[in-house]
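**Student:** Protein chains in written order, with our numbering: chain S, 2 to 159; chain D, 97 to 350.
Think of the hints as simulated: they come from the structure by calculation, not from any bench. Worth double-checking, as some hints may not be accurate.
Calculated lysine to any residue pairs in the SDA-like style (CA-CA distance at most 20 Å, straight line) [claimed, not checked]:
#1 K235/D / N41/S
#2 K290/D / G73/S
#3 K280/D / H63/S
#4 K235/D / D45/S
#5 K92/S / F242/D
#6 K235/D / S61/S
Here are some chain S residues the structure puts well away from chain D; computed CB gaps all over 12 Å [claimed, not checked]:
#7 K55
#8 S59
#9 G60
#10 K92
#11 N94
#12 T104
#13 G111
#14 V120
#15 A124
#16 L126
#17 G128
#18 K129
#19 V130
#20 P133
The beta-carbon is built from N, C-alpha and C at its ideal position, and this holds for glycine as well.
Here's the letter readout for the chains.
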Amino acid sequence: MIFQKSTHKNVIEEDMPESEAPVGTERVDEVETIVGPSVNVEGDFASEGNIIVKGTVSGSVHTSRFLSVELGAKIMANVRAGTAKISGEVKGNLKIRETIELTSTAKVLGDIEARVLSVEPGALLFGKVSMPGIEGAETKNLKPRTSRRGEETVEVGE
Amino acid sequence: MYVYLYDNFLRHKKYDSIIKSVEVRLTDYGIAGKILRLNNFIDPKQVIDDEIKRGAKTVVIVGNDATFGYVLSRAATCDCTFGFLPIGISNTISEVLGIPTGVEACDILSKRRKESLDVGWMNNRYFISQLHVLPAKLKVVYDERFAVTANEKMEVVVCNLQPFYWKKDKKDKAEQVIHPQDGKLEAFLRPLTKQGWWGYKYEDPSVFPFEEMEIVSDSPFTVEADGKVSKEIKVKIKLAHGKIDMIVGRNRKF
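Extracted from the complex, chain S is given alone in its bound form (with noise of 0.2 Å):
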């Protein structure tokens, strides 16, 4: 019975949500780099900690972690990232595994794909918005379609 309840608690822990977990403490106690105002960044920009940026980044930014996008800070990169707040400018296409968060004064041109998105009045995006939930429901809208036209090409045929 002790083994069996351990077991369960273990269970319960790995199946929490990733996006549940108290992002905000992390971003305060870990900042690792950060790029200053008036400094420009080129090439695959890649940090195993948490990101913030102040000045200009151009190429790719990854990190697993936190990255944060401060107001007049510009990226023109595809980004990769844990979570995400965007209060400067972004052209590039936004992969970002949790939260992404758009600030009042954030601008973003390109795709995002995210698991969770906030806006704030005034963001300003232009591009698609894709999130890992909805996948399922797509591949069920697809597949009525998919044999609707076999059935017209075997109509055609005969």
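With chain S's structure known, arrange chain D on it following the hints.
**Tutor:** Structure of chain D alone, referenced to chain S:
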């Protein structure tokens, strides 16, 4: 056997009492040893190598940040354990190592809690505390993947053990500190922007943790590492893992 390397500034009268009490405490613990005094004409590596041949196992640096950097940047390859007794002002590295200033440092030394420290490698020499590149038009390439530039001049500080203290400008009274992490070197880039006709103003620093970086410029720039100043056009900075065996305190920051 213990060997103690005293910095030259400890000859000053005001340090007599503290030196005496340190020596008494070391004798109490049974770890007193040979005392050698450093000066500008002594190469610490040669002295330490000679003492190792005579049977020394532990070399203790007595002084401040400058002494620590001066000795270890030259003697990082020596095969012995290093200790540190911080005395006097400007001791920031001792805080990182968890060693209190003055007589209490003897307690840490006697406990012999050993850790391997990472050392910075710059072109052809080691640096322990900090590497400082004075403001110049620079291009910094990180891990051969991305390059960082500024519109105007830029100052670069690479921290290994010594924390980075900075102020926004001369009038700014609140000094800000960033503590280096273990396992990586930290580069602090401070671009300068023009203010008025002649003046320059420091921007907020950028922070990049890295293992390998290259600083390049078209014109020679000044590099200062552990008190040694040189002019370079290209500097390659790397991290050498676990080069130094060091006696550290319990309250160390890594």
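**Student:** Could you tell me which of the hints above the structure violates, numbers in ascending order?
**Tutor:** As far as the earlier hints go, 7, 8 and 9 are violated by this structure, in ascending order.
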